[in-house]
Amino acid sequence: MARINQDIVACRRCPRLVAYTAQVARTRRRAYRDWDYWGRPVPGFGDPQARLLVVGLAPAAHGANRTGRMFTGDSSGDWLYRALYRAGFASQPTATHRDDGLRLHGAYITAACRCAPPDNKPSREELAACSAFLRRELDVLWPGVRVIVCLGQIAFDAVLRQVRERGLDWPVEVPPGAGALAGTNRPRPVRPRFRHGGEYRWPAPSRVPAAGDPATPGERSPLPLPVLLASYHPSRQNTQTGRLTEAMFDAIFRRARELVDGGSLPAAPAPAGPGESRREGA
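Its first residue numbered 37, the sequence shown is counted upward by one per residue in the numbering used here.
Incorrect hints may appear among the rest.
[Said to hold, decoys possible] The calculated label-pair distances, taken between Cβ atoms and stated as ranges, are:
#1 Glu161 / Gly278: 32 to 38 Å
#2 Pro211 / Gly278: 40 to 46 Å
#3 Pro154 / Asp70: 20 to 26 Å
#4 His141 / Val208: 35 to 41 Å
#5 Gln85 / Asp135: 29 to 35 Å
Keep in mind the hints are simulated off the structure, nothing from the lab.
C-beta: ideal position from N, C-alpha, C; glycine also.
Turn these sequences into a full structure, and let the hints steer you where they fit.
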């Protein structure tokens with residue numbers, strides 16, 4: 037994982053993002069004028085033996101692009117780390133800078149895009165360029181990961197692309213309390229829709245090949261497939277409008293904890309908001 041993170045930090049594949057992150061680091065926000073901004077692609081953060089993987093959209097211009105750590109130094113991170121702390125995945129509920137003592141327990145945080153994009157909107161080409169890093173992280177983490185929490189539509193789509201590249205069918209949204217899906221001899225599932233509080237599973241058992249692995253898709257193996265949980269991103273556009281509440285967000289990570297711990301409790305209920313915001317940032 038250390039080599040992957042080194043390659044992420046060194047990446048200069050997207051001229052627009054390189055220029056924007058450098059510009060933000062030079063000009064800085066008045067509140068952070070004394071900061072030495074990170075101003076580069078932001079690597080993943082957390083426990084390399086993670087059983088929970090959290091995937092966000094991208095670093096925020098004055099959050100992770102300033103501090104150099106995912107979801108650190110902005111309001112989205114305040115929400116995320118409080119929720120992780122309450123669910124037992126983080127050592128503390130706050131994240132202010134890279135040396136603040138925060139540790140993740142059994143969790144790893146990454147993003148679909150590693151550079152802060154203008155207006156929090158990476159292009160399709162920029163997301164495609166970053167997909168290789170998510171692919172490599174999944175190759176390392178997937179054997180142990182039991183749950184993937186996708187924060188927002190873009191993160192959800194990025195994870196779905198990765199599993200499709202591994203030759204897997206689309207996962208299926210399951211009702212609260214459902215266990216593993218039984219049987220694989222059924223019509224091919226359709227692409228699932230993002231829904232806050234959605235829980236998505238694959239037919240089990242099934243092999244999880246690495247991206248580009250020529251092995252036959254669907255080959256049986258004891259390796260379990262993770263469960264996908266979908267959540268609205270904790271951006272201000274979602275939290276300040278009430279589309280996402282802390283109770284809704286906590287329900288996602290309580291369910292993640294139940295699944296990581298091997299429980300078969302019913303899925304935690306989470307009220308569905310009226311729509312998904314695209315203005316997100318890690």
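Quick rundown of the hints versus the structure:
{"no.": "1", "hint": "Glu161 / Gly278: 32 to 38 Å", "verdict": "holds, 34 Å"}
{"no.": "2", "hint": "Pro211 / Gly278: 40 to 46 Å", "verdict": "violated, 26 Å"}
{"no.": "3", "hint": "Pro154 / Asp70: 20 to 26 Å", "verdict": "holds, 24 Å"}
{"no.": "4", "hint": "His141 / Val208: 35 to 41 Å", "verdict": "violated, 30 Å"}
{"no.": "5", "hint": "Gln85 / Asp135: 29 to 35 Å", "verdict": "violated, 22 Å"}
Hint violations for this structure: numbers 2, 4, 5, all remaining hints satisfied.
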